Amino acid sequence: DTGVSQNPRHKITKRGQNVTFRCDPISEHNRLYWYRQTLGQGPEFLTYFQNEAQLEKSRLLSDRFSAERPKGSFSTLEIQRTEQGDSAMYLCASSAGSQTEAFFGQGTRLTVV
Amino acid sequence: AQSVTQLDSQVPVFEEAPVELRCNYSSSVSVYLFWYVQYPNQGLQLLLKYLSGSTLVESINGFEAEFNKSQTSFHLRKPSVHISDTAEYFCAVSLHSSASKIIFGSGTRLSIRP
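Going down the list, the protein sequences come from chains A and B.
Each residue of the first sequence is one higher than the last, beginning at 174 in this note's numbering.
Each residue of the second sequence is one higher than the last, beginning at 2 in this note's numbering.
Careful: at least some of the hints might be erroneous.
Partial list, computed: chain B residues near chain A (C-beta under 8 Å) [as the list claims (entries may be wrong)]:
id	residue
1	Arg23
2	Phe91
3	Lys102
4	Gly108
Source of the hints: derived by calculation from the structure; they are not laboratory data.
Please read these numbers as outputs of a predicted model, since none were measured by experiment.
From the three backbone atoms N, C-alpha and C, an ideal C-beta is built for every residue, glycine too.
Using the sequences provided together with the hints, build the complete structure.
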C-alpha cells in the first residue's frame with residue numbers, strides 16, 4: 174500500500190473557475206477526511222466520510238464547496254467559482270475507524286490568481 | 002464540540018536542551034489524543050497517540066506525552082532535542098464516538114539552534 178494519494182499536487186487557477194481534487198485513501202480505510210491548511214495554521218476540518226456517507230460538513234464551508242465519495246473508496250472535493258481566499262493546501266486523510274489515527278496525503282496546493 | 006489549544010506558536014531551543022510543547026483540549030466527553038509532526042516540505046505524520054491505558058505514551062524518536070485528564074492537557078516533551086527535530090507539531094483530539102472527527106490545534110513551530 175502506497176498510502177494516501179492526492180492529485181493533483183499543485184493547481185493554479187483563475188478566480189471564478191471550478192477546480193476538482195481527488196483523494197485515494199489507504200485501501201480498506203472506511204473513513205476519509207478533508208482538511209484545509211494555510212501557512213502557519215493547523216489543518217482546518219472541512220468534511221469527512223464513513224464509507225460513502227458524508228457524516229459532517231464544517232459550517233465554515235460555503236456552498237461553493239462539495240465533496241463526494243460515491244463508492245466508499247476515492248473521494249473528490251470540488252470548489253466552484255474559486256476566490257483568492259480559497260488558496261491553501263487541501264489535505265486528505267484516511268483512517269480505519271474512530272479509534273485510530275488518520276494517515277495524511279501530501280496535499281494539493283491550490284493557488285487562485 | 003471538542004477544541005484544541007496550543008499555547009505556543011513558536012518554541013526556539015538549543016540543541017540537546019529539553020523541550021515541552023503544550024496542548025490543552027476542551028471536551029465534555031472522553032477523548033483520544035494525538036501529536037502529529039510536519040517536517041519542512043513534508044506531509045503530516047503521526048508522532049504518538051493516546052487511546053486508553055497508560056497515560057504516558059512514547060514515540061520511537063524520544064518524544065513522550067502525558068495525558069492529564071484533570072488538567073485536560075497532553076503536553077509533548079523531549080529531554081534532549083536534535084537539529085532533526087526542527088518541525089511543526091500539531092496536537093489533535095477526537096471524541097470517544099463512532100461519529101467523531103479529528104480536530105487539530107494551530108501548531109507549534111519548534112526551531113533548534115546549534
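>> Just to be careful: measuring from the Cβ of glycine 108/B to every Cβ in chain A, is the smallest value less than 8 Å?
In response: holds (5 Å)
> Are phenylalanine 91/B and chain A close enough, Cβ to Cβ, to be under 8 Å, as the hint says?
Replying inline: holds (5 Å)
> Close enough to count: is the Cβ of lysine 102/B nearer than 8 Å to one in chain A?
Replying inline: Status holds, d = 5 Å.
> At a threshold of 8 Å, is the proposed contact between arginine 23/B and chain A supported by beta-carbon distances?
Replying inline: violated (14 Å)
In summary, the structure is inconsistent with hint 1 from the numbered list given earlier, while agreeing with all the others.
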